[in-house]
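Enquirer: Those protein sequences? They're chains A and B, same order as listed.
With the first letter of the first sequence counted as 1, position 555 gets the number 539 in the working numbering; the numbers rise by one all the way through.
Plus 23 on top of the position in the second sequence (first one is 1) and you've got the working numbering.
Treat the hints with care, since some could be wrong.
[Unchecked claim] Derived DSSO-like pairs (lysine-lysine); straight-line CA-CA distance at most 27 Å:
{"id": "1", "chain 1": "B", "residue 1": "Lys157", "chain 2": "B", "residue 2": "Lys86"}
{"id": "2", "chain 1": "B", "residue 1": "Lys161", "chain 2": "A", "residue 2": "Lys75"}
{"id": "3", "chain 1": "B", "residue 1": "Lys161", "chain 2": "A", "residue 2": "Lys28"}
{"id": "4", "chain 1": "B", "residue 1": "Lys125", "chain 2": "A", "residue 2": "Lys582"}
{"id": "5", "chain 1": "B", "residue 1": "Lys157", "chain 2": "A", "residue 2": "Lys47"}
{"id": "6", "chain 1": "A", "residue 1": "Lys104", "chain 2": "A", "residue 2": "Lys75"}
{"id": "7", "chain 1": "A", "residue 1": "Lys104", "chain 2": "B", "residue 2": "Lys161"}
{"id": "8", "chain 1": "A", "residue 1": "Lys394", "chain 2": "A", "residue 2": "Lys533"}
{"id": "9", "chain 1": "B", "residue 1": "Lys125", "chain 2": "A", "residue 2": "Lys541"}
{"id": "10", "chain 1": "A", "residue 1": "Lys545", "chain 2": "A", "residue 2": "Lys393"}
{"id": "11", "chain 1": "A", "residue 1": "Lys393", "chain 2": "A", "residue 2": "Lys106"}
{"id": "12", "chain 1": "B", "residue 1": "Lys161", "chain 2": "A", "residue 2": "Lys393"}
{"id": "13", "chain 1": "A", "residue 1": "Lys89", "chain 2": "A", "residue 2": "Lys42"}
{"id": "14", "chain 1": "A", "residue 1": "Lys533", "chain 2": "A", "residue 2": "Lys582"}
{"id": "15", "chain 1": "A", "residue 1": "Lys339", "chain 2": "A", "residue 2": "Lys146"}
{"id": "16", "chain 1": "B", "residue 1": "Lys37", "chain 2": "A", "residue 2": "Lys253"}
{"id": "17", "chain 1": "B", "residue 1": "Lys77", "chain 2": "A", "residue 2": "Lys320"}
{"id": "18", "chain 1": "A", "residue 1": "Lys320", "chain 2": "B", "residue 2": "Lys37"}
{"id": "19", "chain 1": "B", "residue 1": "Lys37", "chain 2": "A", "residue 2": "Lys256"}
{"id": "20", "chain 1": "A", "residue 1": "Lys150", "chain 2": "A", "residue 2": "Lys2"}
{"id": "21", "chain 1": "A", "residue 1": "Lys74", "chain 2": "A", "residue 2": "Lys46"}
{"id": "22", "chain 1": "A", "residue 1": "Lys301", "chain 2": "B", "residue 2": "Lys86"}
{"id": "23", "chain 1": "B", "residue 1": "Lys168", "chain 2": "A", "residue 2": "Lys572"}
{"id": "24", "chain 1": "B", "residue 1": "Lys77", "chain 2": "A", "residue 2": "Lys301"}
{"id": "25", "chain 1": "A", "residue 1": "Lys74", "chain 2": "B", "residue 2": "Lys168"}
{"id": "26", "chain 1": "A", "residue 1": "Lys47", "chain 2": "A", "residue 2": "Lys256"}
{"id": "27", "chain 1": "A", "residue 1": "Lys96", "chain 2": "A", "residue 2": "Lys106"}
No wet-lab data here; the hints were simulated from the structure.
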Amino acid sequence: MNMSAVEIDRIASEYNKKMESFHKIINICTGTGCVSSGALNVYKGLKDAIDSEGLAGKILVKKTGCHGLCERGPIVVFGNDEILYQTVGKKSLEDDIKLLIATVKENRIAEKLLYKGDDKTKRYVSTHDIPFYAGQTRLVLALNGIIDPEIIEDYIAHGGYKALAKAFSMDRDEIIGWIDKSGLRGKGGGGFPTGVKWRSCKAAEGSPRYVLANGDEGDPGAFMDRSLMEGNPHAILEGMIIGAYTIGSNQGYIYVRDEYPLAVERLLKAIKQAREFGFLGNNIFGSGFDFDIGIFRGGGAFVCGESTALMTSIEGKAGEPRAKYVHTVEKGLWEKPTNLNNVETWASVPEIINKGWEWFSSIGTERSKGTKVFSLVGKVNNTGLVEVPMGITLREIIFGLGNGIRGGKKFKAVQTGGPSGGCISEEYLDMPVDFDSLTKLGSMMGSGGMIVMDERSCMVDVAHYFLKFLVEESCGKCTPCREGVRRMYEIVDRICNGSGVEGDIEHLEELGKAIGLGSLCALGQSAPNPVLSTLKFFKEEYRMHIDEKKCPAGVCKSLIKLHIMPEKCTGCMRCASECPVGCISGEKKQVHTIDQSKCIKCGNCYDVCRFDAVAIE
Amino acid sequence: MEVDTGRLNEIVQKYNGDRSYILAIFQDIQRTYRFLPKEAIKFICEQLDIPFSKGYEVATFYKALSLKPRGKHTIHVCLGTACHLRGGPNISETFERELQVKTGDTTVDGNFTLETVNCLGACALAPLVRIDEKDFGKTTPGGVKNIINEFRNGE
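This is chain A alone, in the form it adopts within the complex (with noise of 0.2 Å):
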């Protein structure tokens, strides 16, 4: 197809056209999170009634990408975000079924399937009312949730491709001078500016380049990346377009996590589809500019999420970073000028060139610009994906959108970054979240996985869990990561077994400073942050762990004891029948005692317990 400006604008309006056929469109929310909870039953359910009720014609239910509010999933959306259903047949999918058909029907709206406020008498119809969604800035997630992403004619409609058309009428340098100028700063954490990369790539000597998308998203407890992926596969796949048209490259890559198959699914099907519109291939746009992109699957490797990593794993070997005096825009993938983004980044693209550079450069902070898209999850009420402004607080995520700590429970800290960032503690709450401001405190934005961690969290074990991580991870190039982070996780692994001695501390901190200035990559460098973190934060849970043998949190099983308090047991048997080891005994309506030597300490009985009659020591 010989694809041109015009051509974009008849697509759109000939899809617009055929939606205004409709009479209503249904949002039915299949990215992973609600597919697990039963969207897809959700959704043929919803169809054949449809069908049977002879409003085919008439009525559209359409599979989008990630909405956000996975807590609350599955998630039903009645068109322009009108009504947003909740939990949608997670109780009987045959009586909610009923319900949408009742609002499709005659305007009825389901209560029962409002979300609801705090109180749980305040319910908001349309999501725009939710304070999840209320208090985000959606840029990059605009379409998501709202457009079919196996349907290439949905995203045209929706403006897409049409910053692409508007890119190939620009000068080369005009474009790099645009996304300098608007302050996009690369999302996958590092935060360096986009701009600067794409000019030192296009200046960079040898041929062919290549532009490279990184959805190798291996951060434990963050997903943005999979919902776009999954949710908008077009944004990507436009932004590197542009960008390669903008460097002078005709291969592109996108590297995508192996744990991510769906997302590998739909970013093929969008290749195949950008191919036959003529938006990838030979000749684009008629300018004589050819460029295909093609998909590596990764293989289970979380260091290959880093640049060089991932440029050696492209290339068929093991995936080890390699030292980087000489710059991958230079000297990349297979030796060759390669310029790499997050797929977030390359997401961020179109609007840029759509809406202009300062229409971008004014929301955000001074010196981090736009938005970041955060998964916040944990021991927090909503959790989920968020799309916020730079420079928004701590708070105004967890306890705004994310509507607080779970059970009631107090907040202790959050955890950004992944392995390589820190947990923040409670007197930052008010810190602005931009690039910045997070790295001063020992933490980093990273890829945007928020960890909200309460005060059944060890921050102790927190730092064990990453250790364990990381030591899992190297991948054993370098001396110092290799060997010095286990020697680190040796340590932490005695303190929470209750045989850390006096001095653990200060060698942890001198372990930590070394590993961090003589490790190969950045995975190394900042392999010891969450133990720095937390000791800067955390230091007296630390100290209780060595002088005292005590885990005030109550999670390493190796310093708690759990008990059933005689006062507050009603008898009510529920920790007996939840035991998973069958160590706690006690008949109906008596009170119920541990058995000690049994005891796994996993306590299970202390969560299920509904009258808090389970105590640990």
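Following the hints, complete the assembly by docking chain B onto the known chain A.
Expert: Frame of chain A; chain B shown alone:
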């Protein structure tokens, strides 16, 4: 073990014999055999004209590849940060107890391989378990038995 060289050749051809796709080739082979037989690595290295040591390095570097035969179903217990905080370790321990198998190993009847994974990206549903292609969200130690039975009975 004897490998089907015809099938292996098909896979190599799918990637035009391009050695940079060795990881993808290995993953396809693993989908065929549920693991990566050493004989297959040897054969592929010959086809791609690279030393066996290089192929073996790739095969052992990536966690997604297994040189040990796997069970009929693979259980992935997610131990991402969110799952860790919401009780993931208890879930994996419960699987170990119920199936009498250590993480990384396969049950004696060859039915299940138990593995942990560092994040499946469905953190809102923590703790998460994925068996083959199916996800189970907000799992509890008490619910593990039912999950196992679903796959035992579904044979």
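Enquirer: Now tell me if each hint is right for this structure.
Expert: Right, here's what the structure says about each hint:
no., hint, verdict
1, Lys157(B) to Lys86(B), "holds, 20 Å"
2, Lys161(B) to Lys75(A), "holds, 15 Å"
3, Lys161(B) to Lys28(A), "holds, 23 Å"
4, Lys125(B) to Lys582(A), "holds, 19 Å"
5, Lys157(B) to Lys47(A), "holds, 19 Å"
6, Lys104(A) to Lys75(A), "holds, 18 Å"
7, Lys104(A) to Lys161(B), "holds, 22 Å"
8, Lys394(A) to Lys533(A), "holds, 23 Å"
9, Lys125(B) to Lys541(A), "holds, 19 Å"
10, Lys545(A) to Lys393(A), "holds, 21 Å"
11, Lys393(A) to Lys106(A), "holds, 22 Å"
12, Lys161(B) to Lys393(A), "holds, 19 Å"
13, Lys89(A) to Lys42(A), "holds, 11 Å"
14, Lys533(A) to Lys582(A), "holds, 21 Å"
15, Lys339(A) to Lys146(A), "holds, 11 Å"
16, Lys37(B) to Lys253(A), "holds, 18 Å"
17, Lys77(B) to Lys320(A), "holds, 22 Å"
18, Lys320(A) to Lys37(B), "holds, 26 Å"
19, Lys37(B) to Lys256(A), "holds, 17 Å"
20, Lys150(A) to Lys2(A), "holds, 26 Å"
21, Lys74(A) to Lys46(A), "holds, 20 Å"
22, Lys301(A) to Lys86(B), "holds, 14 Å"
23, Lys168(B) to Lys572(A), "holds, 24 Å"
24, Lys77(B) to Lys301(A), "holds, 8 Å"
25, Lys74(A) to Lys168(B), "holds, 21 Å"
26, Lys47(A) to Lys256(A), "holds, 19 Å"
27, Lys96(A) to Lys106(A), "holds, 12 Å"
Figure legend: structure checked against the earlier numbered hints; every hint is met.
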